[in-house]
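Q: Sequence lines, in order, name chains A and B. For reference, each letter of the first sequence is one residue, going 1 to 365 in the working numbering. For reference, each letter of the second sequence is one residue, going 1 to 279 in the working numbering.
Any given hint could be a false lead.
What the hints assert, rightly or not - Quick partial rundown of chain B residues pointing at chain A, CB under 10 Å, derived from the structure: (1) V178; (2) D179; (3) C181; (4) T182; (5) Q185; (6) P193; (7) L255; (8) P256.
Derived by calculation from the structure, the hints in this document are not laboratory data. C-beta atoms are modelled at their ideal positions from N, C-alpha and C, and glycine is treated no differently.
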Amino acid sequence: MAEVRIKDLHKHYGHTHALKGIDLTVGDGEFVVFVGPSGCGKSTLLRSIAGLEEISRGDIEIGGRVVTGLRPRDRDIAMVFQNYALYPHLTVYDNIAFGLRARKVAEPEISRRVDAAAEMLGITTLLSRLPRQLSGGQRQRVAIGRAIVRQAPLFLFDEPLSNLDAKLRDEMRNEIKRLHKEISTTMIYVTHDQVEAMTLADRIVLLRDGRIEQQGAPLDLFERPATGFVAGFLGSPSINLVPAKLLSRGAVRTVLLETGEQLELPPTHRVEAAEPEKPVLLGLRPQHLAVAGAAALPPGVVRVPTRAELIQPTGTRTFVTARIGGTEVTAEFGAHEMQGQDAALEFAVDLNRCLLIDPATDKVL
Amino acid sequence: MSFAATPRQRRIRLTLRYAVAAIVTVLFLFPVYWLFAISFKTPDEIFAVPPVWVPGELRLDNYLALFKEGDAATIWNSLVIAGTSSALAMALGTFCAYSLARFNTGGENLAMWIISQRMMPPIVIVFPVFLAFVYAGMVDTFHGLILLYTAFNLPYVIWMMRGYIADIPLELEESALVDGCTRWQTFWKVVFPMARSGLMATAVFTFVFAWNDFIFALILTRTEVITFPVQLTHYMGGQSQFWSKISAMSVLGTLPVFIAVTLLQRYLVRGISLGAVKG
Numbered sequence: 001m002a003e004v005r006i007k008d009l010h011k012h013y014g015h016t017h018a019l020k021g022i023d024l025t026v027g028d029g030e031f032v033v034f035v036g037p038s039g040c041g042k043s044t045l046l047r048s049i050a051g052l053e054e055i056s057r058g059d060i061e062i063g064g065r066v067v068t069g070l071r072p073r074d075r076d077i078a079m080v081f082q083n084y085a086l087y088p089h090l091t092v093y094d095n096i097a098f099g100l101r102a103r104k105v106a107e108p109e110i111s112r113r114v115d116a117a118a119e120m121l122g123i124t125t126l127l128s129r130l131p132r133q134l135s136g137g138q139r140q141r142v143a144i145g146r147a148i149v150r151q152a153p154l155f156l157f158d159e160p161l162s163n164l165d166a167k168l169r170d171e172m173r174n175e176i177k178r179l180h181k182e183i184s185t186t187m188i189y190v191t192h193d194q195v196e197a198m199t200l201a202d203r204i205v206l207l208r209d210g211r212i213e214q215q216g217a218p219l220d221l222f223e224r225p226a227t228g229f230v231a232g233f234l235g236s237p238s239i240n241l242v243p244a245k246l247l248s249r250g251a252v253r254t255v256l257l258e259t260g261e262q263l264e265l266p267p268t269h270r271v272e273a274a275e276p277e278k279p280v281l282l283g284l285r286p287q288h289l290a291v292a293g294a295a296a297l298p299p300g301v302v303r304v305p306t307r308a309e310l311i312q313p314t315g316t317r318t319f320v321t322a323r324i325g326g327t328e329v330t331a332e333f334g335a336h337e338m339q340g341q342d343a344a345l346e347f348a349v350d351l352n353r354c355l356l357i358d359p360a361t362d363k364v365l
Numbered sequence: 001m002s003f004a005a006t007p008r009q010r011r012i013r014l015t016l017r018y019a020v021a022a023i024v025t026v027l028f029l030f031p032v033y034w035l036f037a038i039s040f041k042t043p044d045e046i047f048a049v050p051p052v053w054v055p056g057e058l059r060l061d062n063y064l065a066l067f068k069e070g071d072a073a074t075i076w077n078s079l080v081i082a083g084t085s086s087a088l089a090m091a092l093g094t095f096c097a098y099s100l101a102r103f104n105t106g107g108e109n110l111a112m113w114i115i116s117q118r119m120m121p122p123i124v125i126v127f128p129v130f131l132a133f134v135y136a137g138m139v140d141t142f143h144g145l146i147l148l149y150t151a152f153n154l155p156y157v158i159w160m161m162r163g164y165i166a167d168i169p170l171e172l173e174e175s176a177l178v179d180g181c182t183r184w185q186t187f188w189k190v191v192f193p194m195a196r197s198g199l200m201a202t203a204v205f206t207f208v209f210a211w212n213d214f215i216f217a218l219i220l221t222r223t224e225v226i227t228f229p230v231q232l233t234h235y236m237g238g239q240s241q242f243w244s245k246i247s248a249m250s251v252l253g254t255l256p257v258f259i260a261v262t263l264l265q266r267y268l269v270r271g272i273s274l275g276a277v278k279g
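All chains, full assembly: derive it from the sequences and hints.
A: What follows is the structure, given as structure tokens:
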């Protein structure tokens with residue numbers, strides 16, 4: 001196991017400033033996920049930790065040892081790649097044993113470790129096959145097996161599930177989570193898929209344009225995003241953003257929609273307002289919109305009349321497209337909530353959980 | 001408009017296709033067969049009208065004459081020169097290609113400059129090369145021709161191998177580097193085995209280029225280092241041509257390349273098609 005420390009890491013590709021001063025610590029045994037849109041620098045950061053990219057400035061420490069400038073083979077890490085990176089001319093056994101042979105480990109020990117890893121991953125019967133005879137999921141297991149046998153203190157995963165179909169991706173995600181539980185090695189995982197990030201991570205590091213936008217436990221980022229970008233990135237379907245104005249009259253704060261409706265924020269809402277009138281984006285997660293019944297609504301939940309424009313049942317949930325304040329929003333209901341319901345309906349909007357985003361700074365107020 | 005053909009039309013089309021294929025095959029193979037046939041014929045059979053399509057008996061006199069008179073040694077000269085220069089060009093060229101493919105050494109300009117060397121017609125530099133060889137005392141020497149063929153084949157090897165190496169996924173090498181290999185180990189354990197088809201295909205073509213060269217061999221050799229294409233011209237006199245010797249020597253000269261291609265054809269097909277289809 002190893003702690004990873006990254007200090008003021010910068011990386012330039014010619015004139016492009018890919019990483020702009022990354023400061024990060026990954027704890028011993030922690031599972032950290034780097035997530036973000038394409039081009040945000042997450043793979044560059046991972047590859048810099050691996051030593052596959054030369055950094056322009058900064059320091060990297062693994063297990064208390066400064067590894068900046070060291071070759072990948074000297075950093076004692078194991079890596080799983082997106083395209084499996086299995087050697088097509090070697091059998092599964094030889095693929096898994098490759099790294100150990102390169103480091104001159106004795107054959108009996110190699111055999112013991114390969115058998116143990118194969119047993120853990122359920123690929124014992126595949127050891128004599130060539131990679132081309134394996135399915136995508138089996139290949140990825142072999143790639144993970146190759147990392148496990150190294151017994152390295154740090155595992156790096158570079159979008160390992162991107163090439164798999166949805167069902168297989170779910171299966172392998174569980175495998176990886178189970179693996180971390182079993183061997184408790186420090187793991188850094190890169191993905192663009194926020195569902196993978198949310199389900200796998202002890203801590204998420206969300207990157208944007210080469211900087212860390214926010215980091216923290218998955219639910220922390222989901223419920224208390226620091227910026228509109230974080231709020232919009234996490235959550236599927238993504239958060240609805242309705243242009244509005246925040247009006248503050250003493251202790252009373254109201255959100256004025258473009259259609260003229262005014263929604264009073266509950267006093268417990270954490271937003272702090274400095275000006276009497278401030279343009280904001282009202283962030284409403286699809287899960288925080290419900291169909292308002294006849295019964296009285298709890299405090300902080302308001303009725304907003306609307307009209308369902310599109311109804312998309314998926315079997316487990318139903319997605320409804322409607323408008324709030326003139327802006328198109330998506331709501332997520334239970335599977336049967338729209339049955340027998342008119343197109344004209346009332347949303348129960350949970351303002352306790354809404355976010356208010358400053359459109360100028362993108363910060364959540 | 002209907003594209004469906006009746007069974008009779010399909011049979012006619014198939015017959016026509018086979019007929020055309022047979023004609024083309026005969027057109028291409030007949031000269032090769034004729035060459036073999038002449039090498040076994042007597043002078044009378046060679047010049048007979050109407051032609052003797054199949055030799056009366058398989059006489060080896062023409063071949064024996066080549067060995068007895070020492071002419072067959074030129075095949076050995078060609079083997080040594082083409083073999084050594086090909087091996088050198090492949091070794092040097094593959095490493096250069098790796099540097100270009102993986103480290104982008106010299107950028108695009110260097111790669112283009114290298115292949116542009118191959119676009120120059122050899123005849124253009126025959127005279128300057130001859131003068132340089134005279135100055136360096138390399139005329140009529142093995143190492144002279146080996147050096148020259150290596151230099152001529154290097155651009156081709158670098159260009160071809162650069163493409164084959166670039167086709168190997170970089171992740172495979174990165175995985176090897178992370179797993180504990182040095183660059184050299186990565187090259188030998190990952191790149192070399194994976195580029196095998198390309199290596200074989202390129203090696204065969206490199207060998208054939210060197211084997212078949214005539215102009216440089218003619219100008220830069222005298223008596224010690226005669227290669228087989230030059231030897232062939234010795235049988236073409238002003239007043240007569242020794243067809244039996246020409247054909248026998250040609251057959252002997254074709255054999256090494258024929259054997260090499262037959263042994264390596266599995267790699268050749270894969271190597272050529274790999275180069276053609278780029279993912």
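Q: For this structure, which hints from the list above don't hold up?
A: As far as the earlier hints go, 7, 8 are violated by this structure, in ascending order.
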